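Novice: Listed here are the chains, written in short residue letters.
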Amino acid sequence: MNALQKISDFFMTPAMKLIMIVAALLFPFVAGNEYQIYVMALAFVWAIAVYGMNIITGLCGQLNLAHGGFFAIGAYTLAILTVDHGWPFWWAFVAAGVSGALLGFLAGVVSLRLKEHYFAIFTLCVGFIIYLLIDKWEELTHGALGIINIPAPSGFGLVDFTETTPFYYLALVFMVLSIWLAARIANSLLGRSFRAIRISDELAASLGINLMRNKVLAFVLSTTYASVAGALYAGMVRFIGPAEADVVHTFDMITFLLVGGIGTLMGPLFGTLAITWLTQSLQFLEEYRMIVFGPLLVVLVIFFPRGVVGTFLTWRGRRLAAVQETAKKESASEKKPQPNKAVTPRNQEAGNHA
Amino acid sequence: MQQVLNGLTLGSIYGLVALGLTLVYGILHVPNFAHGALYMVGAYVSYVIMVDFGANYWLAMLGAAGAVALLAVLCERLVFNPLRHAPPIHDKIAAIGIMLFLEALVQMHWGAEFRRMPTPYTGIVEFAGLTMPAQRILIIVGAFSLMAVLHLFLKKTMTGSTIVAMAQNREGAFLVGIDANRVAMMTFAISGVLAAVGATLFAPINLVYPAMGHLLIMKAFVIIILGGMGSIPGAIVGGLIIGFAEAFGGFYISTDYKDIIAFALLVVILSIKPTGLFTKGVR
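One line per chain: the protein sequences are A and B, in this order. Residue 299 in the working numbering sits at position 299 of the first sequence; the count goes up by one each step and never skips. Numbers in the working numbering are just positions in the second sequence, counted from 1, shifted up by 1000.
Read the hints as simulated data drawn from the structure, not as lab findings. Source: prediction; values computed, not measured. Note that CB positions come from ideal geometry on N, CA and C, so glycine has one too. Honestly, I wouldn't trust all of these hints.
Claimed, not checked - Here chain A is said to cover these stretches of chain B; the calculated rule only asks that three of the stretch's residues, wherever they fall, bring their Cβ under 8 Å from a Cβ of chain A:
#1 1099–1108
#2 1159–1170
#3 1217–1229
#4 1259–1265
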């Protein structure tokens, strides 16, 4: 076992999770300025939405192009309830999640009757309808003016979430919860059903998986993630406009997902953080980032369709398989049956979900 | 009656764009999200040829058609061809990548501002009590003659038949010795020409800006879903349906929500009949 192998093994251990969480907790203390903390918190919020997209697109294999729209629905539900109707923040926050789930259910029931390309195109249209409604329905959404003075999350007198650092921790908590839930889903029977549907509708149906129910469930889960992220976003930025529903955000999220690794557990987080910091460090990219992202998407799907995390896992899986192979040969040549401790198939499979 | 004319104008442009999209889909089963970007590039190329080089309108249209056809073939070679065995989700994402790239590139070079494309046909024709701007008549006549030429090309020439054969049955086409690469490149070139001509015809009564393809491509998708993906008559009929729906809807209901009509129509139709209006067989 060489050093590379050891490092790659280390990435799979529970200690790695702990290190990541500790690093995230310490980040505000090592960050150079408040702006960096702000960017990081914003990246966490986006990552939550990307985890939602990962459920429907990564696990279930349905390219949902309305995801940015549901992000905006969450943001607008929160903003309208708090600003126009005086609801307390957290009640409005729950309502935002519920409205994302309800509208997601309605959209899902109609759109998931369609397959593959039809579904992608249909959801693109759904996203556009959401945008147009937000832009034109002035009585409800304030139209192109947007909504200002959205209250920050209430800290019940204990914490002040208008400050950047407390909000950072709030976003972190929500993100860790999201990842935990995503991991639970991915490794459950439900997640396996989703993956079977991604591989083939017919296969899944022949295994007795109820296609429609599972797809709708995946869709509702993803839109709930998106609207919760949207509500957090509204509480953080405290000004929203129709641009929030722009399809560009959906494309951004696809980029995050694809760079990190579609269908993997840590891919969405990695992709979101990597791209966010890349665009931040190359400020001139902000406006023209698509000149880089566009070809990047093309190159990724052609050469690295599994993204950074996915490519790592594939590479590791191959290495482990090779190790296993040589171990087998050795034990065969020694004519002595040895328990093969290097790898068990169970290990490998667990690796695929990391 | 005025609305009929408007509907016909919109419908013929939508039909042209949807036709390019449906051809590519029929052959390669790729929903080319970049088609709207090709349309936009076509408009910019015509604009540059006319304004910066002072060339004639028709020459500009020809130049744009050539340039966009080349660009479309390049996309096919560099992107869609390597992805032909990939899962369907990949070429959709790649198409989105191309679209984002082209839009950002145009925006960087020409800026995001709206431009007005000049046209030599600014007159107004009065006929039977109707006033018709000459450009609108040009659009209708131009679009329908292009559709007729395309129809003749597909039905009467050998090369055209290979495209139809590929669309009908891939394996069968391979068996009779049709070169899939050539057909794919040709299809992309034709779709590029259709997009560029559509853009050059439509831009003078609309405006030229980097995001001009967005709405159009989505409507074109609605049209080919309505008309059945890969179906050529479906694209033309679907284009006219949406064109009329928008013209009348914009007039009788509200101009604010004019753009939503196409999508609302799609949602309603697909909720009732998930296979689209004119599709035969599965899906």
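Novice: With reference to the structure, classify each hint as holding or not holding.
Specialist: For each hint, the structure was consulted:
1. Given a C-beta distance limit of less than 8 Å, the hint that chain A covers the stretch 1099–1108 of chain B holds, as 9 residues qualify and 3 suffice.
2. Given as covered by chain A, the stretch 1159–1170 of chain B fails the check, having 0 residues with a CB less than 8 Å from a CB of that chain where 3 are the minimum.
3. With a threshold of 8 Å between beta carbons, the proposed coverage of the stretch 1217–1229 of chain B by chain A holds, since 5 of its residues qualify and at least three are required.
4. Given as covered by chain A, the stretch 1259–1265 of chain B passes the check, having 4 residues with a CB less than 8 Å from a CB of that chain where 3 are the minimum.
Checked against the numbered hints given earlier, this structure breaks only hint 2.
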